[in-house]
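The chain contents come next:
Protein chains: 2
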Amino acid sequence: MNSRRDFLQKMTASAVAFSFFPRSGSATMNELSDQPYQGPVLRVAIMGLGSYGSRVAEAMQTCKKAKLAGVISGTPSKIKDWQSKYNIPEKNCYNYENFDRIKDNPDIDAVYVITPNGLHREQVIRVAKAGKHAICEKPMALNAKEGQEMIDACKKAKVKLLVGYRMHFEPKTLEIIRMRKDGELGKVLFFQGLSGFRIGDPNQWRLDRKLAGGGAMMDIGIYSINGARYMIGEEPIWVTAEETKTDHVKFKEGVDETIQFQLGFPSGAVASCLSTYTMNNLDRFFLNGEKGFAELQPSTGYGPIKGRTNKGELTHPHITHQTVQMDEMSGIILEGKQPIVPVDGEEGLKDLKIIDAIFLAAKTGKKVDLKL
Amino acid sequence: MNSRRDFLQKMTASAVAFSFFPRSGSATMNELSDQPYQGPVLRVAIMGLGSYGSRVAEAMQTCKKAKLAGVISGTPSKIKDWQSKYNIPEKNCYNYENFDRIKDNPDIDAVYVITPNGLHREQVIRVAKAGKHAICEKPMALNAKEGQEMIDACKKAKVKLLVGYRMHFEPKTLEIIRMRKDGELGKVLFFQGLSGFRIGDPNQWRLDRKLAGGGAMMDIGIYSINGARYMIGEEPIWVTAEETKTDHVKFKEGVDETIQFQLGFPSGAVASCLSTYTMNNLDRFFLNGEKGFAELQPSTGYGPIKGRTNKGELTHPHITHQTVQMDEMSGIILEGKQPIVPVDGEEGLKDLKIIDAIFLAAKTGKKVDLKL
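So the protein sequences, as listed, match chains U and B. Position 42, counted from 1, in the first sequence is what numbering that gives the first Met the number 0 calls 41; the numbers after and before it change by one each time, with no gaps. Position 185, counted from 1, in the second sequence is what numbering that gives the first Met the number 0 calls 184; the numbers after and before it change by one each time, with no gaps.
In case anyone wonders, no lab produced these hints; they're calculated from the structure. Beta carbons: idealized from backbone N, C-alpha and C, even for Gly. Accuracy of the hints is not assured; some may be wrong.
Which chain U residues face chain B? A few, computed with CB under 8 angstroms, are given here [to be verified]:
| no. | residue |
| --- | --- |
| 1 | HIS247 |
| 2 | SER271 |
| 3 | MET278 |
| 4 | HIS315 |
| 5 | HIS317 |
| 6 | LYS366 |
| 7 | LEU369 |
In isolation and in its complexed conformation, chain U is listed as follows:
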């Protein structure tokens, strides 16, 4: 097992991208050779050293085109730990008061904001004003209004804004998207997304409306929203939603426990999704076409993803999602590469518009029309 894992970890993202997607044509001879990578490297500072930030940092250790270069945190002891663990120089360490000074640091290209949702807007705008590219964890913000402000700020500052959609680079997911695009599934009419787990500690920020902007929907339901869009390959034109709450103590006003939502698409395709913090291990995408079907289960966990279609099981090897994501984001930011599924601010904004509509539909009980 270990040698296989080592092998997978050591495979470079571009080599993998080439072998999985021969049509993309993004790999160069240099990238396919055994010679050390000599192209541009994205130097990233991570803002927010929590559990997901730690996961990204670990994954970046095997990146080829991206490098952990700095940290931003409000906890000096965490900064110390990361400095020694990842050999980060003092001059690349910031706190939330002084990080605007990053503008004068020529050794940082981008800041990856991995903080509670309610802080994203202000922090990304500050990153943009400091002239650094921003990568923001999803959901991009608390609502579409905030998301638009972030996009505007990054445009004005002429920096790129990307959102941490790691599944957009996942090989089995991309293979299904390719099959759908190439007509191998026939006309696609139905998508189902089940996204849920049983949330633990009732005092975490994810259950605090001000910091999270909601409950399960902002955290896990967004995977089904985003998945419906990239699996079907269209933008929804309406949404309906129904909310259910069984625990009013854990899930306070404005913090959703369970929401079922439905999306309608221009072609007549429909999506039926579940977002919940009360049921364990719900992580399944199902796409049904006139000629075939595709299933991902688990569909969005940290991996390995399992996929099968009417033609059989997908066997693409697992590579740590965040490693691939950061290498690919380096290519997008530094080399102007175009990902197969977008990961920019506009992409994040679409999900926020849908979330706004889901909350409205759940509250009013009415179908809400969308124009994305």
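Guided by the hints, dock chain B onto chain U, whose structure is given.
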């Protein structure tokens, strides 16, 4: 293969019921012995000799407690065929004009109405008035008002009214119900039902509003409605629904092509279902509990049903559903047996009330409260 199939076909329904459900205690020593069955036999006339009627007739050939004794049809040539095939005496043959005379026939106990939905109400009421027990194919009628009238007529005539819910006797389905009842799945919070196939001939009665009472919902969607109830084990208290139509020629006004619907239950459990005449091979039930899950796929086809739970695959052998159904219905009618999941008129009426609510919810876009 053949010997196994023969073996399964020859197994008596009661022996099977005994081996699968040792707790039911309904089997007697006599039923378990190798001696020929000597208990009461339900003598059934089938009304409507179409493809499903033919399937039931074939299945009844291996019944122990039920016997095909008569036919009612508007097509003399079909009656002739069935007479010779199943050795049915002339005196047990009727047409739609004269079948009220069945009242004077001591050799018929019950009539199984297998005609287009729009005819059920009148025909079942005539069967009741003739003093015969009525078995009615599902949906029981076009709407709840009609269903109630049928129940009232059968009560007044002191005959039994059963609805053709063959899945209520299906071993894998019943095993999952047992697991849920015994708490092996923990608290159940989510059910998904996908019910659909691509309908062929646009001129069939199932696409005629007057005869069918709708489209996919009356024919195939009802499986997800009924399944949600028996899998969760509660009655829904609200419903929402969204209709999508891509083919307005094939699916005329009042004939539904695709409806997504959601049900809410008193415990906080929710169901998310799809009913469609446009997507092929959708036949999946999924039940998610706090401690485990259960999946049936196919879940309602003529068989074999496939089931798995968190504990592994279900291995109960397949027996033709209609054979088991008719043997069990004989026990219900002649011996007063109580099925694990009801199959009476009240059960059919509940589904009709839900269908009425789904159509209303789809039309108005509003959540509809239910009291079943």
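Going through the hints against the structure:
1. Hint on HIS247(U) is violated. Least Cβ distance to chain B is approximately 11 angstroms, over the 8 angstroms limit.
2. For SER271(U), the shortest C-beta to C-beta distance to chain B is roughly 5 angstroms, which falls under 8 angstroms, so the interface hint holds.
3. Of the supplied interface hints, the one on MET278(U) holds, with its beta-carbon coming within about 5 angstroms of a beta-carbon of chain B, less than 8 angstroms.
4. A hinted interface residue such as HIS315(U) counts as satisfied when its beta carbon comes closer than 8 angstroms to some beta carbon of chain B; here the least separation is about 25 angstroms, so the hint is violated.
5. For HIS317(U), the interface hint is violated, since its Cβ never comes within 8 angstroms of a Cβ in chain B; the closest pair sits about 23 angstroms apart.
6. Interface hint at LYS366(U): satisfied, since its Cβ lies 5 angstroms from the closest Cβ of chain B, which is below the 8 angstroms cut-off.
7. The beta carbon of LEU369(U) is not positioned within 8 angstroms of any beta carbon in chain B (closest approach about 14 angstroms), and the interface hint is therefore violated.
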